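Go by the hints and put chain H onto chain S.
Protein sequences appear in the order of chains S and H. Residue 99 in the numbering used here is what sits at position 99 of the first sequence, and the numbering runs on without skipping anything. Residue 6 in the numbering used here is what sits at position 6 of the second sequence, and the numbering runs on without skipping anything.
In case anyone wonders, no lab produced these hints; they're calculated from the structure. From a predicted model like this one, the values you see are computed outputs, not experimental measurements. Watch out, some of these pointers could steer you wrong.
[As the list claims (entries may be wrong)] Residues on chain H that point at chain S, a partial pick, calculated with CB under 10 Å:
#1 Leu6
#2 Asp284
#3 Asn311
[Stated by the list, open to error] The following residues of chain H were derived to be distant from chain S, with all beta-carbon distances above 10 Å:
#4 Thr9
#5 Ala83
#6 Ala91
#7 Lys125
#8 Lys181
#9 Arg202
[Unchecked claim] Straight line, CA to CA, 25 Å or less: simulated DSS-like cross-link-like pairs of lysine-lysine:
#10 Lys81(H) / Lys45(S)
#11 Lys154(H) / Lys81(H)
#12 Lys81(H) / Lys40(S)
#13 Lys179(S) / Lys161(S)
#14 Lys65(H) / Lys269(H)
#15 Lys315(H) / Lys154(H)
Glycine included, every Cβ here is placed at the ideal spot set by N, Cα and C.
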Amino acid sequence: MTKARVAKTKVSNECRQTDSPYLPETVTVERVESISACEKLFRLKREARRARKAAPAHAPGQFYMVGLPGYGEAPISVCAPSATGSDIELCIRVAGNLTGALHRLGPGDTLSLRGPFGDGFDTTALKGRDIIFIAGGIGIAPMRSLLLAVLNGRKAYGELKLLYGAKSPEEVLFTGDFKVWKKKGLSVDVIVDSGTEGWNGRVGLVTDLMGPVKLNALQTTAVVIGPPIMYRFVVAKLKRMGMAESDILLSLERRMKCGVGKCGHCQINSSYVCQDGPVYTLESLEGMGEAFK
Amino acid sequence: MTEPRLIDTRALRSLLGALIRDFRAFGPVDSDGVPAFAPLGAVSELRLDLDPTHLSAREFFLPPKETLLSFALSENENGTKSAVTTAVVEAKEQVLIGLKPCDIHAVALMDSVMAAGVPDVNYQKRRAATIIVGAECTPDDTCFCASLGTEQVKEDSGFDLFIHELKRGAIIRVGTERGAKLLKKYAWGRRATKAELEGLTRYYESKLAAFTAKLNTPKEELPAVLAASDESPVWGEIGALCTGCGACNHVCPTCYCFDVRDALTSDQKSAERYRVWDGCTLDDFTLVAGGHNFRRTRAERLRHRFNRKLNYGVKKFDSLFCVGCGRCSRTCLVGINITEVTNSLIKEARGVDKVAGKEAGKARTKSD
Numbered sequence: 001m002t003k004a005r006v007a008k009t010k011v012s013n014e015c016r017q018t019d020s021p022y023l024p025e026t027v028t029v030e031r032v033e034s035i036s037a038c039e040k041l042f043r044l045k046r047e048a049r050r051a052r053k054a055a056p057a058h059a060p061g062q063f064y065m066v067g068l069p070g071y072g073e074a075p076i077s078v079c080a081p082s083a084t085g086s087d088i089e090l091c092i093r094v095a096g097n098l099t100g101a102l103h104r105l106g107p108g109d110t111l112s113l114r115g116p117f118g119d120g121f122d123t124t125a126l127k128g129r130d131i132i133f134i135a136g137g138i139g140i141a142p143m144r145s146l147l148l149a150v151l152n153g154r155k156a157y158g159e160l161k162l163l164y165g166a167k168s169p170e171e172v173l174f175t176g177d178f179k180v181w182k183k184k185g186l187s188v189d190v191i192v193d194s195g196t197e198g199w200n201g202r203v204g205l206v207t208d209l210m211g212p213v214k215l216n217a218l219q220t221t222a223v224v225i226g227p228p229i230m231y232r233f234v235v236a237k238l239k240r241m242g243m244a245e246s247d248i249l250l251s252l253e254r255r256m257k258c259g260v261g262k263c264g265h266c267q268i269n270s271s272y273v274c275q276d277g278p279v280y281t282l283e284s285l286e287g288m289g290e291a292f293k
Numbered sequence: 001m002t003e004p005r006l007i008d009t010r011a012l013r014s015l016l017g018a019l020i021r022d023f024r025a026f027g028p029v030d031s032d033g034v035p036a037f038a039p040l041g042a043v044s045e046l047r048l049d050l051d052p053t054h055l056s057a058r059e060f061f062l063p064p065k066e067t068l069l070s071f072a073l074s075e076n077e078n079g080t081k082s083a084v085t086t087a088v089v090e091a092k093e094q095v096l097i098g099l100k101p102c103d104i105h106a107v108a109l110m111d112s113v114m115a116a117g118v119p120d121v122n123y124q125k126r127r128a129a130t131i132i133v134g135a136e137c138t139p140d141d142t143c144f145c146a147s148l149g150t151e152q153v154k155e156d157s158g159f160d161l162f163i164h165e166l167k168r169g170a171i172i173r174v175g176t177e178r179g180a181k182l183l184k185k186y187a188w189g190r191r192a193t194k195a196e197l198e199g200l201t202r203y204y205e206s207k208l209a210a211f212t213a214k215l216n217t218p219k220e221e222l223p224a225v226l227a228a229s230d231e232s233p234v235w236g237e238i239g240a241l242c243t244g245c246g247a248c249n250h251v252c253p254t255c256y257c258f259d260v261r262d263a264l265t266s267d268q269k270s271a272e273r274y275r276v277w278d279g280c281t282l283d284d285f286t287l288v289a290g291g292h293n294f295r296r297t298r299a300e301r302l303r304h305r306f307n308r309k310l311n312y313g314v315k316k317f318d319s320l321f322c323v324g325c326g327r328c329s330r331t332c333l334v335g336i337n338i339t340e341v342t343n344s345l346i347k348e349a350r351g352v353d354k355v356a357g358k359e360a361g362k363a364r365t366k367s368d
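One chain only, chain H, in its complex shape:
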C-alpha cells in the first residue's frame, strides 16, 4: 500500500486538471446556488468547499434509469410469437471527484449489497469502471456522520485517491493500485512526513468538535433502539406530517431499491426491460396484485425506512445503512429530521428501560 503523499497547490491543480482532461469526470459544482454533481470541463468549475450535494453520487453507480434487457420480437410463420433476449451490461470509465467521507462509506455499503448472493453485474461493472477521488469536508448543521463513525475514511474504505487539502498543497491518501498509478502519472509529490500525518490526526479530532447535529447514543445501540420502537407514537406523529413524496429515498446515498418495468417500441418489434429508482416511502411500494398493500400507512412506511437505515442492515450486512450525510433531513418538505426523530426514539427507549428497571427493582424488593 502506498503511503500518503504530499503535493503542492500547483500539483494539486494539475492533478485535478489532468483527471478532468483525460477522463469523463464529475464533481460538485455550484448549480444555480445548489451543490450538485455535474460533468466537469475545467478545474475552476469544481467546488470542494460546498455543503453536501442535494443528490448523492448514487446515480453514477445505479443510474435513475438503466436498461437491463433488450428484446427483438418476431412473429413466426405459424402465428406464434417469440423474442430474442439480450442482457445489457454497460459501463463507461468515469472519475468522480469530491466524494465526501460519508459518500464513500455509502458506496462501500452499496458494494456489499450488490455483491451479496447473486451479484448485480450491472452495478459491479459500473463500479469497477469508476475512479473515486474523495475529498475532505466541513460539516454543516445537519451533518451527523460523526455519530455513525463515518466522518473519516480509511485506506480500504473504497476510494482510489483521497484529497486532504492543507493551507499549502494537499496530503493525498492512496486507496488502490489504480489510484497510485494515476498519482504517479500526474502529481507524485513526496511522501508525507510523520509531522504532517500527525496533523491529519489532529484535524480529525478537531473535526469531531465541529458537529452540532448528533445522535444521543452510541451507534452500536441504534438497532436495539429501533427494534424496541415498533409501537412508538413517533411513527404516527411523523406519518401525519409525511406527504409520501419519496424525496428522502431519492437523495439517500444508501437507498438502492428499484422497480423493473418494460417498454415496447411503437412498431412493437422491440422492447426493453429497465429499472428505475423506487422508494419504500412511496405508497405503492408494497402493493400486490389484487390490491393488498402490506405497508398501507405513511407511518408504517417511515418506520420501515428508519429501520432499514438504522437496524435491519445489521443482520444481513453487519452494518447500519445510514452514513449521516443528512440529505433526507435537508430535503424533507415537512421538516422530518432523521437526527431529531432518532433522538426521540432513543429518549423513549431510555424511558422504557427506566420504567422496566424500576419495576424490576420493586419486584426484587418484594421477593426479598
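Just chain S, same shape as in the assembly:
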C-alpha cells in the first residue's frame, strides 16, 4: 500500500480533457458466447495502440470498468490473461440494466472500457508453490484468469487443485474448459448446492470438498474467490488445516464507481479495494472486520 503524496496540490490550468480519469476507450466486441442462462463470455478487441497511449495489458485478478453510453459502468474482473495486450475476455452475469444491455450486444458493437484497475495476482510469487484454488459461484470467472495464467506456465508450479462450488448444475461455468485444465495437471472438483436430474456429481457446500484434501500447509498457497459467506467458512477451515494467513489470498468484491480512489464506495477501513485490492492476503485484512461482512 503506497502512501499517497501529501504534498500541496499543484494547481495548474493545464487540466486537459484527455487527462480525465473518467474518459474511457471504445472497444469492439469480437465474439459473444452464452455460457449459461445468466452468463455470457465476451471477447473484446482494443485498438492495438490507442491515440492516447499504448493500452496496458492486464494481470490476472485485475478488473475493468465496463460501460455502455446511457447505461453506466460497472467493475468486471478479467477472466483470462491477455495474450497480446489487446484482447480481453470478460464473463458477465446479467444482474441489472447495464449488464442486461451488455448481453444484447453482438460482434461489431462497441462498449466503453477503462482500466485495467487494481492490484491483481502475482504469479511470480506463486512459482514453486502448491496452489489450492477455491471458487464459489461467479468467483470462478476471476479465478479463471489466474488458472489459465498458471496453467500456461504449468511446470513452474507444484500441485494444483481446484475446488469449485456452484448453486446448481446449470450454474457450473466453464465446464468445457475442465478437460483441458485436467490434462494440463489441475485436479478439478465440483460441488453444487442442489443437484438436478442427471447430475452425477457431488451435492453440498464447497467446504465439503475440503474435507478429504491433504495439503502441505507450508508449501501451499490458497486462492479463494467467492461470496463473503463462503470466505468466512473456507478461511476458518484453511486455518484449521494449518495454513498461514499470509498464504491465503482472497479477491474482494465491492461497489465501485471510479476505479481511481475517488468515489469512496469501495473503501474498507483505510483500504481502497479498487487500488489496494481486489486481491488481498488474509494477513493484510487484519483488523478490517468489514472485509467479509
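This is chain H only, laid out in the frame that chain S set:
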C-alpha cells in the same frame, strides 16, 4: 511571500466591491434566516458575521451534479452501434469570499484527495479557477475546530487572501501570488506593523477560550480511539436514532464521495455520464449486484463515517478528515452530535485502558 497588509475600512469595502464587480463572486448571505453561500451582487449582501453556512463550500469545487462525459451515439450501416465519447472538463473563474478557517482546511484536504494517484482533473481545473478570500469567524456553541487545530489558517493553508477584520479596517493575509496581485490592484494599504500582528496572535489565543464544544482528548489520539471502538455499543445507540437521511454527508465540507450515472436523451442520439454527490450513510452505498450490502445497518454506516472523519484518513493522507465545523451536528434531524459521540468513545477507550491497566497491574503483582 507577501507580508500581511493593513487596509482601512473604506479600502476593505472597495476591495470586496471590486471582487464582486469584476468576478463571479459567491459568499455567505442571510437567505431567509439561513446562512448560505450565494452569488453576490453587492457588498451589502455579503455577511461575514453569520454562523457557519448550512452547506459547506464544497459545491463550488465538486458540484452536486457534474457532467464527466458526453456521448454522440450512432448506428452504423451494418446495424452495429457506436459512440463518440468526449470528456467534459470545464471550469469558470470564480471568487469565494468569506470561507472560514475550517472551510479552508477542508478545501486543502479535498485537494490532497483529488491529487492523489490518478488526479481528478475536473476538480483540479475548478480549484485552479477559484480564488479564495477567507475571513475570520466567531465560533458558535457547536463549532469545535479548536479541538482539531483548524481554528486558524497559515499562509500555506490554501487561501489567496484572508481577511482579519479589526475595529477599524482589516489585516489582510496573503497566501498566493494571485492574491497579492489582486490586493495590489484593489487595496494595497500598508504593511501591518509588528504590534498589529501581535494583536493577531493575542486574538487567536482569546479565540481558543471562546469554544464551548470540545473533544476531550488531543487530536493525535483520535485515530486510536476510533480504531478501538469497533465493538462499541455507541454505534448501536446512534444507529437506532439515525434515519439514514445522509444530511451529515450532504453538509460536510470534506465528504467527497460521488455516484456516477448515465442519462440518455429522449431521441437516444446522445447521452451523458455524470457524477452526483453520494453519502456513506445512505443505505445503498455499499450495495452490489446480486443484492449483497457490505454495510447493511445504520450503525455500521455511522461507524464507517466517523472512522472516515477521525481515523481512516490518517493512513493514506496523513490527516484527520474532520475540520470541526459542526455542520453535521447542527443539521442532524435526530440530534446525533459529533463531539458528544466522539467524547463517549473517548470515555469508553479510557475505561478500557483503565481496566486493562488494572489487570496488567494485578498480573505483575502475581508474578512478583
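Going through the hints against the structure:
1. Leu6: At about 27 Å, which exceeds the 10 Å cut-off, the nearest Cβ of chain S leaves the hint on Leu6(H) violated.
2. Asp284: Constraint on Asp284(H) satisfied, holds at 8 Å.
3. Asn311: holds (8 Å)
4. Thr9: Check passes; 32 Å lies beyond 10 Å.
5. Ala83: Given a closest Cβ separation of 5 Å, the condition is violated.
6. Ala91: Since the minimum Cβ distance to chain S is about 8 Å, Ala91(H) lies within 10 Å and the statement is violated.
7. Lys125: Not fine: 4 Å to the nearest Cβ puts Lys125(H) too close to chain S.
8. Lys181: Given that every Cβ of chain S is farther than 10 Å from that of Lys181(H), nearest at about 15 Å, it holds.
9. Arg202: Its Cβ never comes within 10 Å of chain S, the nearest being 29 Å, so this holds.
10. Lys81(H) / Lys45(S): Roughly 15 Å between the alpha carbons, so the hint for Lys81(H) and Lys45(S) holds.
11. Lys154(H) / Lys81(H): Since the Cα atoms of Lys154(H) and Lys81(H) sit roughly 55 Å apart, the hinted pair is violated (cutoff 25 Å).
12. Lys81(H) / Lys40(S): Roughly 19 Å separates the two Cα atoms, so the pair holds.
13. Lys179(S) / Lys161(S): holds (14 Å)
14. Lys65(H) / Lys269(H): Holds. Lys65(H) to Lys269(H) sits at ~22 Å (cutoff 25 Å).
15. Lys315(H) / Lys154(H): Between Lys315(H) and Lys154(H) the Cα gap is close to 23 Å, so the pair holds against 25 Å.
When each numbered hint is compared with the structure, violations occur for hints 1, 5, 6, 7 and 11.
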